[in-house]
Amino acid sequence: MDKTRRNIIKAAGLLTSLGVFGLGYRFTLKGVAKGWWAGEKPPHKIFGNALEPEYSVDPKTGSVKPNNNQYISNTVCMGCVSLCGVRLRVDKKTGKVLRVAGNPYHTLAADLVLPYETPIKESLTKLSRHDEDGLGHRATACGRGNAVLAKLYDPYRVLVPLKRVGPRNSGKFRPIDFEKLVAETVEGGSLFAGEEHVEGLRKIRDIKTPIDPSQPELGPKANQLAVLAGFKEGRLPLMKRFGVNSFGSINFTGHRGNCGLSMRAGYAAFLGDWKKYPHTKPDFKNTKFLLNIGTAPANAGNPFQRQGKLVAKGRSDGDLRYVVVDPVLTNSDCLAASDRVKWIPIKPGTDSAFIMAMTRWILENKKYNEGFLRVPGAKAAEKAGEPSWSNATHLVVTAKDHPLSGHFLREPHLNGKEVGKGAAFIVIDDQSGKPTSNKISQSANIFYTGTVNIGGKEVEVKTSMQLLLESSQRHTLAEYSEFCGVPVKTIIETADQFTSYGRQAVVDFHGGTMHANGFYTAYGAAVLNSMVGNLNWKGGASSGGGRYPDFGKGPRYNFMKFPGHVKPKGVRISRSKFPYEKTTEFKIKK
Amino acid sequence: MDTHIIELISTAGHVQWSLTIPQYFFFTGVSAAAFLISSLTYVFNNKTYEPIAGLSLIVAFTVLLAAPLNLIADLGQPGRFYSLFYHLHATSPMSWGVFLLTSYPILISLEMLFVFRAGFARRAAKSAGILRSIYTLLALGDTEVTPVTRERDHRIGRILGTIGIPAALAVHGYTGYILGVVRARPLWHTSLMPVIFLISAMVSGVALMIWLTALMVRDKNGKIPWNILDGLGILLVWSIVGDLTLRLLWYSIGFAYSFGIFQDALPYVFKTHFTESVVLEIGLCLSFPLVVALFGPLRRIRPLFLFSSLLAICGVWLFRWDTVIGGQEWPKISAGLAEYIPPLWGQTGIMEVVSNWAIWIVFFLGLTWIMPWRSEPTAESDLASGINVESAAVTAKGAM
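Going line by line, the protein sequences match chains A and B.
First residue of the first sequence: 224, per our numbering; consecutive thereafter.
First residue of the second sequence: 2, per our numbering; consecutive thereafter.
Please note that the accuracy of each hint is not assured.
If you want a taste of the chain B side facing chain A, the calculated C-beta under 7 Å gives, among others [claimed, not checked]:
id : residue
1  : Q78
2  : I334
3  : E353
4  : I360
5  : V363
6  : L366
7  : P373
Rather than coming from a laboratory, the hints here were simulated on the basis of the structure.
Quick caveat, the model's predicted, so the values are computed rather than measured.
Just so you know, even glycine gets a beta-carbon here, dropped at the ideal spot from N, CA and C.
Looking at chain B on its own, in the form it has when it is part of the complex:
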């Protein structure tokens, strides 16, 4: 007997959080992950990732500029977004988010100013006119580059970076928190949600950095720095293992021991959305990149490695989609399941997500153009020649 439910009169049960919300969650996740990668160098003094530390910081900053635009698009009255700033609800995670989304980018931009100060100082020294004034301003008025200033910049950068780590965790963790607190959505209601979001954000952030490193960073010989990419690959492995472990905990406890409604909801997600949630998300986009990144011989087939990293990015996006949209398809009061097919155009259409990526590209290209993020000359060379313009130029040219 066909028991497929067709609702003629439905009292409610629409998907309220549109396509833009997975995109928002995705970008804040990438921001948090990229910030953590930059902190490996700026806070923990790791030398391996130094060449991509500045780039990571720019990524963390730029995706966070693009991410809140999704929230504005999702509003029925987009012109009212600013009212969130003067309506503080101390007990609402959404209200916390407003202040996290404001303070965190300020923190990153301050950190950028200090970690890129030496670079701006060098540019100020070799340029003239208005450009010189701008670079001097960006170098915080101090065009000197000495071991003392370097030490000071590192110190302040480290302090800001240290403050930034919990902020980065919070700015993405709160999105998972928002879902976790909703008791009426069985699929979301788990304490694990913020952690799952953070770990899967690491997957997407690391995978995106693999691609950006391959595109933007070159070593002294003008080659793609595969050693860094291999390091990121191992980071990707750990992130995926963490992600899969948390998923296993979430699904198994939820399915076997949680409240009845979850036990109904989970098989629904896996059955109805089998292709997206199992075949594509867990299979192709998580397990496959795990295998490729884990085994050296596979990882060294570079196109395969890059392709699997791309899949990992897609997989995390798909996870956001499956969770946010899938969670809302399970009805609160109507009999059947809600269906959601996003429109192509419109305030919350597919093109909005494409455009959101586009504005990120604008921010990213703009900032990588302006910011002196590429590998800096060593302290010794600075000492030898005061400001080593040539060395910086050579490095820059080598990277082109």
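Extracted from the complex, chain A is given alone in its bound form:
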């Protein structure tokens, strides 16, 4: 190749390359050409289009310099049922809320809470870099707490009374005068064009005349007023005071079956309290192993921020490990969390198979807390230093043809007496080996199959624990695994882990049992807690610590006591808290 030809090729290559460079780099070159701002130039070169701070604090002296265009308002967020304290920034000119942050005085918003006596000005210093106080006193509002601000300025927010003007579901409303609203509601009349006469509250308010004399359990006419309330944001008792205790209607619906009823029923069965429907929560602060079934820690069962902070702390600084059994992987697990967190994907609605598989493995491998389970009653528990006891040792009549079949054997059964309230349960005492009252026995057999003499006849009985074992053995681990899609190995690993932390392990299923078999799932999961005997133990499942009354007798007024206070009668329209079988409706339809 001669030199000229070679140089031509080189030159051509050089020019082509230059062209390719220009083509590929045009985006970068354009960006460089635009100078400091390749994109849109924001109002401030560092803070961009962020809001002006509501105040500023000198990090050295701690002196507060307020922003005269804004004011700060500490209040409570109603974004969810947690009701965290929030700190609002309000534009003085427009009165518009600009932003939501955490309230440093509020336990649910801050970890290191400021005493109520702290002046507002000082609280602002405490949130700043002065002495680096802001790190400890940092108060937060969650993402929802921030987003809920949009509700305030929602164009569809109802700000005046609206009356339907079209047919039902037509979505046609028009604003009416407040006085008119009161008048029409109280007096009734032909309120809707082309529709039947509507009875007003004045006419309905009759606490004597029955709605239907042939169905007396429906109660008086006053029950025809149904009050649908929101949630416990403070005004709920006032609504109840009006609808139930003044008007006299039984049909007041608060929270109830709308949310988490299966969980509450599962706990009611487990804790033996069908009146108050209590439930437990994990002791997030001290637990070492948290098994979340159908939920993620702090994703159900308020207060979310507080639980979230405790879980985050436990996971990073503490010893907390947790497992999330859920078809959906939420933000509760990530690969970077390493082995502190494990997500077990499961087929929706099959959690009970997973739970029963765990139960079977725990029972067959004797990984349960035997000492706790052998405690038969309250007195024995007190002596053993146990804050609770279970019915693992209690005998159940299993003879199929016996009238007591399926029932717990009570002390009066043995001597043919009527079973009264608080009658003792029968256990097989460890010392004597004989059927004994659970009020007397200190420790009893948990796996017993045999007979007990009832009214002169030997009748087959088994302990509850034995029945649980048999129930769990109705399927093999492989079958359970087939149902729920969780590998046998994972089930065993989880059961093994769960029973390896003593009483500092806990199952939580708040919010995750809303399927048709939700009650059984919830009950089964609660029973797992009794396998490690963690009820009210440090790091276990804790019952509530009580609360301040939000209504009732105060230092000056008693809102609950007034002349004409009514105790409503009848069956709720929802049939809750009343056996449907006992209604006339049921008897007629039967």
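Guided by the hints, dock chain B onto chain A, whose structure is given.
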């Protein structure tokens, strides 16, 4: 049960360091390797690689001109790249890089001036007018070529080259350092990273020099100097052996004894990116060139040797990609793995990398055109005829 994670709402977890970063790492690596090859002659006085010493120096210089452009392209605000110069962070390896990237090319260009001075002096002697002035200027105003000046140029070249070796190691080593210090990226967080980067850079640098030698350098008979290529082939063998050994140490210690997250991350890389990281990178692009370069009979099948060298270049690029992008696919806070598919166009698109190669070609062709990098006449011939223009011309013509 299908446990493939699809994130509907992801809080974070994007791949932030784009395609341009592997390209940047690749070019700084080539620069370091090419500089070391040139130093074999200029510092250690090795005669075998003398014909390609100047070419290596030009390669080291030109890739380093092209490499930082990748960093500018990767910036969201590319117009602000210069602010790095007046924001020194003494504890940040990235800040060190800014100053290495500035001082190292200055050092190479000084070295080039001294090692090519005699050549410029000769060109000045045989040209006239403006060209003569330019060549005189490039010859640092001294158009004399005598054993004394030759000795002086060699001495200064050696000193600059000696300073240049740690600088070259640093300018690429710091890129590995940048990755190694990131604790949040399990795949990167190893002290071995700078060394692995340097050794794999040798693989790519040597392989690229094999190609450039085959394309640009001819011996006295106008043939490809296969003896030099064979020497480079052996250098390639050692580099690949070093690379594979370090990889073995990294992976085995990491997998068997390191923190849990690495033990999760590594199988992920090997499983999810099996084709790229195992079949292509370690198999085809490292082991195959190793076998070809190691065995004489295979190496002497010249097209095969050249092809395997090309594969080695690709393999090192792929290693940069697998490490930089693969390392970022492992999430920090999101549940699933981040996915990254570079766009064709745009500031950090595939075409940016192609363009980066293109601008290097521009620099390379330009500089090889200007610089008197080809074999110089011997000292004796200089002595005999003062300035041996003819000899230089013959050599030059022979190479065409």
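Checklist entry - Among the hints numbered above, which are violated by the structure, and what are their numbers in rising order? => result 7
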